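Got chain A sorted already, so can you dock chain B onto it with the hints?
Here is what each chain is made of, one letter per residue.
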Amino acid sequence: MRLAEHCYRSICAIRGPLVFVERVFEARIGETVTLLAPDGQTLEGEVLKIDTEQVLIQVFGETYGLDLEQTSVTFHDIVKRAPLSRHCLGRIFNGSFRPIDGAPMFIPERWGAISGAPINPVSREYPREMIETGISAIDGLNSLIKGQKLPIFSCAGLPAQELVAQILAQARLPGAGEFVVVFVALGLTYHEYDFYRRTLEEMSSRFVAFFNLAGEPVVERLQAPRLGLTVAEDLAFNHQMDVLVLVSDMTNYCDALREISTAREELPGRRGYPGYMYSDLASLYERAGRLRDRKGSVTLLPVLTMPEDDITHPIPDLTGYITEGQIVLSREMQQKELFPPIDVLPCLSRLMQHGIGEGQTRADHRQIANLLYQYYAKGRDLRKLEAVVGKDGLLEEDQKILEMADNFERSFVHQGNERRDINQTLDIGLKLLGEYGVKLP
Amino acid sequence: MKGVVTSISGATVSVDIRGLQLYDRVYIGHARLSGEVVHLEKDSTTVQVFEDTHGLSVGEPAEGTRAPLTVMLGPGLLGGIFDGLQRPLPALQRRSGDFIQETHDVSSLDLQQQWHFAAEKQPGDSVAIGDRLGCISEGHLRHPIYATQAGEIEQIVDGPLRLESKLVTFRGGQQQYAWENWSVRHPRFGGHKRSAEQPLITGQRCIDFLFPMMKGSVAVVPGGFGTGKTVLEQSIAKFADVDVVVYVGCGERGNEMAGLLSEFGELQDTAGRPLLERTIVVVNTSNMPVAARESSIFTAVTMAEYYRDMGYDVLLLADSLSRWAEALREISSSLEEIPGEEGYPTYLSSRLAKFIERAGVVETAEGKLGSLSMILAVSPPGADFSEPVTQSCLRAAGAFYMLDTVLAHSRHFPAINWSQSYSLFASRAAKYFRQQVEPRWTELQTACRAILQQEESLREVVEVVGMEGLQDRDRLLMFTAERVRRDFLCQNSFSDDAFSSPQQTLERIAGIINNYRQAEKRLAEGEALADILRGDGDAAG
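From first to last, the protein sequence lines are chains A and B. Each residue of the first sequence is one higher than the last, beginning at 1 in our numbering. Each residue of the second sequence is one higher than the last, beginning at 442 in our numbering.
Just chain A, same shape as in the assembly:
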């Protein structure tokens, strides 16, 4: 420990958001630094790498206006930490934790390291309680469980944000409890920002928001989700709240990661994304969960846009390997004017098995879900066949299944702005099965 701040004027290179400083005494990995530009502007940064001659700093903010001669760098001898307090509720911050809602900064109760520490696997409580989102395609077939991380895979132009807004407005815990929402917006356009801001304002003060807009510094996109998750962990495990963390859009996060990685001249992996992207994403997603013998929970709903609608693109692919399932939006459903345009076939909720059924939702939940799946999958198969041989070339029973699949999309998946509780959802499913003479085993 140096226990002192050190100030240097020995920058030897500036490369995009990265700054190299020479002859630094005992810098630490992850140490926070402040840069003072010649025009008086101050910027924050973090130490990424140290070798015998140089220290590599990643700067949060625009590096325009920095120079080699006059810019000074102060090393603070502490790792980056976030101010924590329950007074952050109802507030809006930027990607560097500065308030942008006009009110003054709150007084922190404590500070927490933003990189977080992994939860000891033996301390984890297995998630078992369903969150009712009010959306049939999710509640009925791919239930969201408290403590789960369930991403929404969207395509450019699909109404992912309307879906998210609807979940925010309608989600209820079992026993009609309410959520606190931590909202992290990464690289959003002003249009999207405006939409989310209005949605949040309707939630009175049950939210904390971190906004990084498309025009704001890229490096802040790497920091904002960590700030959000650190706040979420504090609210959940120190203040016993149930926290829903919404991160939108993870595609922008991964692009920021790629941008920094190339600036560091690292070897690129698939599609130019760095080889450590899996571990990096895991360090965010894995912070969702519950702890044994403690109240409170962190549930994570990341939203990402699949580039070129391709689910095998590295971003959705790696995400799917870490998260516990996925909700997939599809262009085809959108074209049929269904809302939400969820394609239930590639959707999955890995934690659903233990969160539904008797004592949780309803005894017949699992059977209804399985049968709907089975018939809908068959119906989708038959559609391909129909395209070749025509409807008349199908067996009579196959024609019925085909009709059932259409009906399923129109009456079960499609629901507009209506909120359906789990009983309504299951009744609709049951009715649909009944109309075609399918009985529960």
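Source of the hints: derived by calculation from the structure; they are not laboratory data. Among the hints, a few may not be true.
[What the hints assert, rightly or not] Below, simulated EDC-like cross-link-like pairs (lysine to aspartate or glutamate); rule was C-alpha separation at most 20 Å, straight line:
hint: 1; chain 1: A; residue 1: Lys49; chain 2: B; residue 2: Glu501
hint: 2; chain 1: B; residue 1: Lys483; chain 2: B; residue 2: Glu778
hint: 3; chain 1: A; residue 1: Lys378; chain 2: B; residue 2: Glu897
hint: 4; chain 1: A; residue 1: Lys384; chain 2: B; residue 2: Glu909
hint: 5; chain 1: A; residue 1: Lys49; chain 2: B; residue 2: Glu777
hint: 6; chain 1: B; residue 1: Lys443; chain 2: B; residue 2: Glu482
hint: 7; chain 1: A; residue 1: Lys400; chain 2: B; residue 2: Glu909
hint: 8; chain 1: A; residue 1: Lys378; chain 2: B; residue 2: Glu923
hint: 9; chain 1: B; residue 1: Lys483; chain 2: A; residue 2: Asp51
[As the list claims (entries may be wrong)] Over 12 Å on every C-beta distance to chain A, these chain B residues come out as not near it, computed from the model:
hint: 10; residue: Cys576
hint: 11; residue: Ser636
hint: 12; residue: Asp684
hint: 13; residue: Arg881
The structure presented is a predicted model; accordingly, all values stated were derived computationally and were not measured. For glycine and all other residues, C-beta sits at the position ideal for the given N, C-alpha and C.
Positioned in the frame of chain A, the structure of chain B alone reads:
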């Protein structure tokens, strides 16, 4: 050997200690983070640190140990839950709370726990290396302790024993404890390997009947996300007919591991004992340090070999090997090595083969047969099986269970694709099953395969002309194939059907095929297909 840290980049740290060897363990910084030497150069030594390096500074002290990364082997491993460096997670939780903070040196085995040692040698006896000194009862297993050095016994404990106190003193002052340290990167056994003769019953119909594996063999299970790799692995861990199961959660989800731990605590194996009593769990979730993820499979396989060498049947399940390979890639790229295919280091396949070759049947010093089998899950990016990890595994493994995204989407579990999967042991296992279960085994197997194959070619026809266009005989076949898929190959891991004994498996398939044969006959005699199917449906319902 002491020195200081000279440069840091993520988990790769250079120190100025000289005289170390490759893979020696090094302690870094005031927090004594542990690491392993990966590169040696004249004036600097590169260390891969197994822990988070946040807050580490150049100039902090470093200490080299001149010993490689080892694990502790002794009684008390069964039922244990360890991280990739064999630190017991429950003990870490007591030390540092619910989050893994700076980790101190915690002993892997509880040295205070009392065991009962039944000595089989007496003072005055001369022993050679590998001779049995006596046994400890570890749960339901007899846990023999072998001499690790030769000599004449001066003192030997007979009765209660704590691991912290010595077990044997030899004439001349050498001592032996009831536990030993073993370097994880060295295979334990130097004796004879034997060929695999016995099938490993997994309780999964699709595997046991169509693609059986043997005790001592290696199976690879590749599948895209959501195809049920983890559920399949966990299901096999619960029911496989082996003595010891080592389960490695390598770079996987924390919630999944929590589910596994709570479920294994409640469930019982086929002999009615708590499942955890026969299981060792190694967990390195995806957000725990990358280097420890790389070492986790070696930690696990070393513990597995330890029990195999006592003559037990051990099954190692790894979920997933891709995460291990990715850790290897991350480390390799941070060392600035020249990358091979898809950025993986060029030594990926040789290192993988070396690991997989640690499986097998061995004849122990006492003349017993012990086996180490492996089932390795692979998560190919984008479900593309041509990627290097799947391909390297295929070259070394004997059975291949390909999990199919299309099957998984239609909720067919286990989603093992029957036309692409294979097992090199099918004929050897069939010989055993013919003798032990039912002489018709091979015949039924062939019939079942033929039905599935014919269905596939008929499907192409159906896609053009529709079901209406098929002849009755073919429609009967399609109907039967669907029954084989739905009632035989599908198996719900969350119901009573999760385990199927070879006998039950055989009865089920025999039922379906017998019905088919009868229906074929009735069809030939001129009965209408609809009537036959209705009757068959009633019989099945």
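For the pair supplied as a hint, Lys378 of chain A and Glu897 of chain B, confirm whether the alpha-carbon distance does not exceed 20 Å.
Holds: Lys378 of chain A and Glu897 of chain B sit about 16 Å apart, inside 20 Å.
Minimum Cβ-Cβ distance from Ser636 of chain B to chain A exceeds 12 Å
36 Å, holds
Assertion that Arg881 of chain B lies farther than 12 Å from chain A (Cβ)
With a cut-off of 12 Å, Arg881 of chain B remains clear of chain A, as the shortest Cβ separation is near 30 Å.
According to the definition I'm using, a residue is off the interface if its beta carbon is farther than 12 Å from all beta carbons of the partner; does Cys576 of chain B meet that for chain A?
30 Å, holds
Please settle this one: Asp684 of chain B was flagged as non-interface, so is its CB more than 12 Å from every CB on chain A?
24 Å, holds
Hinted pair Lys384 of chain A and Glu909 of chain B, Cα distance within 20 Å
16 Å, holds
Would you check the hint for Lys443 of chain B and Glu482 of chain B, treating anything up to 20 Å between C-alpha atoms as holding?
17 Å, holds
Check whether the Cα positions of Lys378 of chain A and Glu923 of chain B lie no farther apart than 20 Å.
12 Å, holds
Lys49 of chain A and Glu777 of chain B: Cα distance at most 20 Å?
Holds: Lys49 of chain A and Glu777 of chain B sit about 14 Å apart, inside 20 Å.
Between the alpha carbons of Lys49 of chain A and Glu501 of chain B, is the straight-line distance 20 Å or under?
Given pair Lys49 of chain A, Glu501 of chain B holds - Cα atoms ~15 Å apart, limit 20 Å.
Tell me if the straight-line CA distance from Lys483 of chain B to Glu778 of chain B falls inside 20 Å.
Answer holds: Lys483 of chain B to Glu778 of chain B is near 18 Å, not above 20 Å.
Between Lys483 of chain B and Asp51 of chain A, is the straight-line Cα distance small enough, at 20 Å or below?
17 Å, holds
In terms of the numbered hints stated before, the structure departs from none.
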